[in-house]
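Knowing the structure of chain A, use the given hints to seat chains B and C on it.
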Amino acid sequence: MLQIEQLVKSYGSAFTLEVEQLEIAEGAITALLGPNGSGKSTLLSLIAGLRPADRGSIRMGSMALGPGSAAPVEWRRAVTMITHKPFLFQGTVEENVGYGLRFRGTPRAARLDRINRALKQAGIEMFGRRKARELSDGEAQMVAVARALVVEPRVLLLDEPTANIDMDNAASLELLIASLSGEKDLTVVFATHNLEQAYRLSTRVVSIIRGRPVPAHPENIFRGTVAGGRDGIKTIALRGGVQIEADTPLSGSVHVAIDPTGIVVSKMELRSSARNSLAGRIVSASAHDHRVRLAVDAGVEFSVLVTEQSFREMALHPGEIVYLTFKSTAVKVF
Amino acid sequence: MQIMISKGVFQLCILLCALIVTSIGSHAAERLKLAATTSTVDTGLLDSLLPPFEKKFTVKVDVISAGTGKAIRLAENGDVDCILVHAREQEEKFVNEGHGVNRRAVMCNDFVIVGPENDPARAAGKRDAVSALTAIAGAQAPFVSRGDDSGTHQKEKELWKEAGLAPGGAVPSPPRGAWYVETGQGMGATLTIADEKKAYCLADRATYTAFSDKVGLRILCEGDRRLLNQYAIIAVSPARHPHVNYIHAMRLIGWLTSPEGQKMIGDFKKKGFVLFRPNAYQEGRGIELPH
Amino acid sequence: MSYLIDGFREALRLILHLNPEVLGISLVSIKIAAASTLIASALGVPLGFSIASREFHGKGLVITVFNTLLALPTVVVGLMVYSLLSRQGPLGSLNLLFTPLAMIIGQFVLAMPIITALSISAIQHVDRRARDTALTLGASERQAARVVLSEGRFALLAAIIAGFGRVFAEVGVSMMLGGNIRFYTRNIPTAIALETGRGEFALAIALGLILLTVAFGINILFQCLQRR
Chain A
1 MLQIEQLVKS YGSAFTLEVE QLEIAEGAIT ALLGPNGSGK STLLSLIAGL
51 RPADRGSIRM GSMALGPGSA APVEWRRAVT MITHKPFLFQ GTVEENVGYG
101 LRFRGTPRAA RLDRINRALK QAGIEMFGRR KARELSDGEA QMVAVARALV
151 VEPRVLLLDE PTANIDMDNA ASLELLIASL SGEKDLTVVF ATHNLEQAYR
201 LSTRVVSIIR GRPVPAHPEN IFRGTVAGGR DGIKTIALRG GVQIEADTPL
251 SGSVHVAIDP TGIVVSKMEL RSSARNSLAG RIVSASAHDH RVRLAVDAGV
301 EFSVLVTEQS FREMALHPGE IVYLTFKSTA VKVF
Chain B
335 MQIMISKGVF QLCILLCALI VTSIGSHAAE RLKLAATTST VDTGLLDSLL
385 PPFEKKFTVK VDVISAGTGK AIRLAENGDV DCILVHAREQ EEKFVNEGHG
435 VNRRAVMCND FVIVGPENDP ARAAGKRDAV SALTAIAGAQ APFVSRGDDS
485 GTHQKEKELW KEAGLAPGGA VPSPPRGAWY VETGQGMGAT LTIADEKKAY
535 CLADRATYTA FSDKVGLRIL CEGDRRLLNQ YAIIAVSPAR HPHVNYIHAM
585 RLIGWLTSPE GQKMIGDFKK KGFVLFRPNA YQEGRGIELP H
Chain C
626 MSYLIDGFRE ALRLILHLNP EVLGISLVSI KIAAASTLIA SALGVPLGFS
676 IASREFHGKG LVITVFNTLL ALPTVVVGLM VYSLLSRQGP LGSLNLLFTP
726 LAMIIGQFVL AMPIITALSI SAIQHVDRRA RDTALTLGAS ERQAARVVLS
776 EGRFALLAAI IAGFGRVFAE VGVSMMLGGN IRFYTRNIPT AIALETGRGE
826 FALAIALGLI LLTVAFGINI LFQCLQRR
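Chains as they are written, first to last, in the numbering used here: chain A, 1 to 334; chain B, 335 to 625; chain C, 626 to 853.
Okay, chain A solo, but in the shape it has when bound (with noise of 0.2 Å):
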């Protein structure tokens, strides 16, 4: 529902943003997932309107964002977005979050209506009446949700939102984004470095490294620098000592992703046909969708999933020494 062509964002020779083509789904909450500098704020903030792009367009629907202009306001009044820091307004929390209400002109008793069902919404009925800016950062960002929830927007931004509040009114939180999928009118982009949190909460994880979204499966993701190799199969080197062999034209510094689904995990180690084959001992594990995610330190961190028979029947408990095995083909350079 939102398409992204062609999108460049240029902040002087530092740093670029290049989107080619991306569409984020219509009623989905999709999680742009990266380290910190990445470029998923500049993203979010493009999509909000917020900033013009260098090049490029941004579609939703009939209305679109071309390069250079700002956004009009019928754009920024059905796309808002929540930042990590949130900015309050002074006044009381229900003063603020009036604001995009009156902006859009609606009249005091729906008004009025409207904000106490988004302060229930967001659990913090309670705080009414008191001044804004006398909150904890996590009190304030669960105003800021409802603040946002309350125009009833088309696209929800929210940049890092749990990155800076405590733990509890980050689980609230949590727990307010997972409940707002399925609204069909509702789409959810959120920006996050914590891969767990991106599964737990979204229907499809987008990773963005140094600008650009990853063309792979999100995990996986080292930095490396090809050490060595003829045409073809090179030699990767990572950190920890770790060497694996790839399928890549690429050469100097690189990122890798190993799909975790393409690894095999044994007790012994295995001879075959495949270049790669590490051994590590197992960190934890943690049970996802009947299958069960693994960590594995070989060095450099795998997440490998295996079914939930398979942890069982091989007793794959942490602490285990384990073997990983995977083809060349199945890490991705870029």
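Incorrect hints may have been included.
To be verified - List time: in silico SDA-like cross-link candidates among lysine to any residue, alpha-carbon distance up to 20 Å:
#1 K404/B / M705/C
#2 K548/B / A827/C
#3 K604/B / Q616/B
#4 K394/B / D752/C
#5 K404/B / R712/C
#6 K131/A / D752/C
#7 K531/B / D453/B
#8 K85/A / V773/C
#9 K604/B / V549/B
#10 K332/A / D185/A
#11 K604/B / G824/C
#12 K394/B / L719/C
#13 K131/A / G824/C
#14 K390/B / M584/B
As the list claims (entries may be wrong) - Chain B side only, calculated, beta carbon under 7 Å to chain C, not exhaustive:
#15 I398
#16 N411
#17 G412
#18 D413
#19 A523
#20 T526
#21 E530
#22 D547
#23 K548
#24 G550
What the hints contain is simulated information worked out from the structure, not anything from laboratory work. We treat Cβ as the ideally placed atom computed from N, Cα and C, and that holds for glycine.
What follows is chains B and C alone, placed relative to chain A:
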């Protein structure tokens, strides 16, 4: 809520502003600008003299207190409508050069030389103002002058010239020396400064009388014919400055020289003394020296 | 020394009995200072807002100029405006010299740089996120600008009050342009100068007390507002 409050406050301010500006502007129509020498202001003469005039002719007189020299310059500029001054030579030059019309004598009094109680220069008792000043200069006793080109200042410089104590030249100028101080201010302020410095000073009797309880100076020389002080009123020429309020200037001149106005001048007393002798029809006369 | 004490006592009596001279002079002071401050604010606050909100070539220079104008000596302003308004000057035909309007003009020139410079500072101190937050909540550009103004309203009010404080207590411009005409252009500072020279200490002290109260009161108000 706060946005509503600030809007209301803003509108209130605009209203206030408009009210203030219009209330100030509405006075523009019937106003007469009079530059009057400081002795007529500081003594309170004009404060008592003008209200009946203002009432009778429905006009407001703006009195700008200025020494004769400054008053004449304002008039030459067209910044005032008429002047009330007391320096005969300057007045005649003003009229002859076409800046002013209809000069009329109004009232007179005399100057006195005042000084500290102990009179270090022994200027007392000298009926001759010139010899008194000579004594003061000889003793290098502190002397405070108006120094502002006022009528009093003009008179003072003429006396110094006659005493031969001023540097030469056609235009009278003041003597030089550390004992001689020029304040550049009005009569009242100058008397206060002279009192502070325990210095001698040439003052008009009217202002001195009005201030006599505030300063510790006493009259040391009076009665010399030279010390006659004649006041006149002149209207600024409408030919020179078409915008001036000529009608009301003429009315003021007429009123001050009318029997009614002259009587009021003669009735004006401070501490039992008549400060200004009306002499509209007897210029140069009308006072018997001493009072 | 006793005359000072007597003068003080008499001054308090004049104030408490609402002496008409004291009242008249105070009213002139308030009317003229209020008018010039209002006009300077009407121009200075929006100007300060525009300068602070936009990026443009020479922005730093403009801000420096306004900050430097804060140091304009009042008598120089009086001189400049006098030469404009005098009959011989370019605006002479307006016949403004020695009227309250002339004083308002002079005081406006004094207050404008302060109000503008402090408004620039006030807006610059508003959190940058305020505008973006308003925009993302669906504000039009105009609405977002009003939000920024509202967020900075205490500092802006402080700017206006600082302007008022400066012109209320100054004597140079008022004297030169107003002519110190009784009940017309004689305000508190010029009256104090006059009455002191005349030796009327009671009246001067009474006016001085009023002036002090207003000046200190304004300063305290300014500091309170700046802190919010």
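For each hint, the structure was consulted:
Between K404/B and M705/C, the direct Cα distance comes to roughly 19 Å. Compliance with the 20 Å bound is thereby established for this hinted pair. Among the hinted pairs, K548/B with A827/C is consistent with the structure: their alpha-carbon atoms are about 12 Å apart, no more than 20 Å. Of the supplied pair hints, the one linking K604/B and Q616/B is violated, its CA atoms being roughly 23 Å apart against a limit of 20 Å. Proximity of K394/B to D752/C is assessed by CA-CA distance (about 54 Å); at most 20 Å being required, the pair is judged violated.
Of the supplied pair hints, the one linking K404/B and R712/C holds, its CA atoms being roughly 15 Å apart against a limit of 20 Å. The straight-line distance between the Cα atoms of K131/A and D752/C is roughly 18 Å, inside the 20 Å bound, and the hint therefore holds. Of the pairs offered as hints, the one joining K531/B and D453/B holds, with about 13 Å between alpha carbons and a cut-off of 20 Å not exceeded. Our distance criterion of 20 Å between C-alpha atoms is met by K85/A and V773/C, whose separation comes to about 18 Å.
Between the alpha carbons of K604/B and V549/B the distance comes to roughly 15 Å, so the proposed pair stays at or under 20 Å and holds. Proximity of K332/A to D185/A is assessed by CA-CA distance (about 36 Å); at most 20 Å being required, the pair is judged violated. Restraint check for K604/B and G824/C: the C-alpha separation of about 16 Å stays at or below 20 Å, so the hint holds. With a C-alpha separation of about 19 Å, the suggested pairing of K394/B with L719/C holds against the 20 Å cut-off.
Of the pairs offered as hints, the one joining K131/A and G824/C is violated, with about 56 Å between alpha carbons and a cut-off of 20 Å exceeded. Simply put, K390/B and M584/B have alpha-carbon atoms about 14 Å apart, close enough for the 20 Å limit, and the pair holds. With its C-beta approaching chain C no nearer than about 4 Å, I398/B sits inside the 7 Å limit, and its interface hint holds. Interface hint status for N411/B: upheld, as the beta-carbon distance to the closest one in chain C is roughly 5 Å, under 7 Å.
For the restraint placing G412/B at the interface with chain C, the shortest Cβ-Cβ distance is roughly 4 Å, inside the 7 Å limit, so the hint holds. The beta carbon of D413/B is positioned within 7 Å of a beta carbon in chain C (closest approach about 5 Å), and the interface hint is therefore held. Below 7 Å, beta-carbon pairs count as interface contacts, and A523/B has one with chain C at about 3 Å; its hint therefore holds. Restraint check, T526/B versus chain C: the minimum CB separation of about 5 Å is within 7 Å; hint holds.
The interface hint given for E530/B is broken, as the beta carbon of that residue sits about 11 Å from the closest beta carbon of chain C, more than 7 Å. Evaluation of the D547/B hint against chain C yields a violated restraint, the C-beta minimum of about 9 Å exceeding 7 Å. Hint on K548/B holds. Least Cβ distance to chain C is approximately 4 Å, under the 7 Å limit. For G550/B, the interface hint is violated, since its Cβ never comes within 7 Å of a Cβ in chain C; the closest pair sits about 12 Å apart.
Hints 3, 4, 10, 13, 21, 22, 24, counting from the list given before, are not met by this structure.
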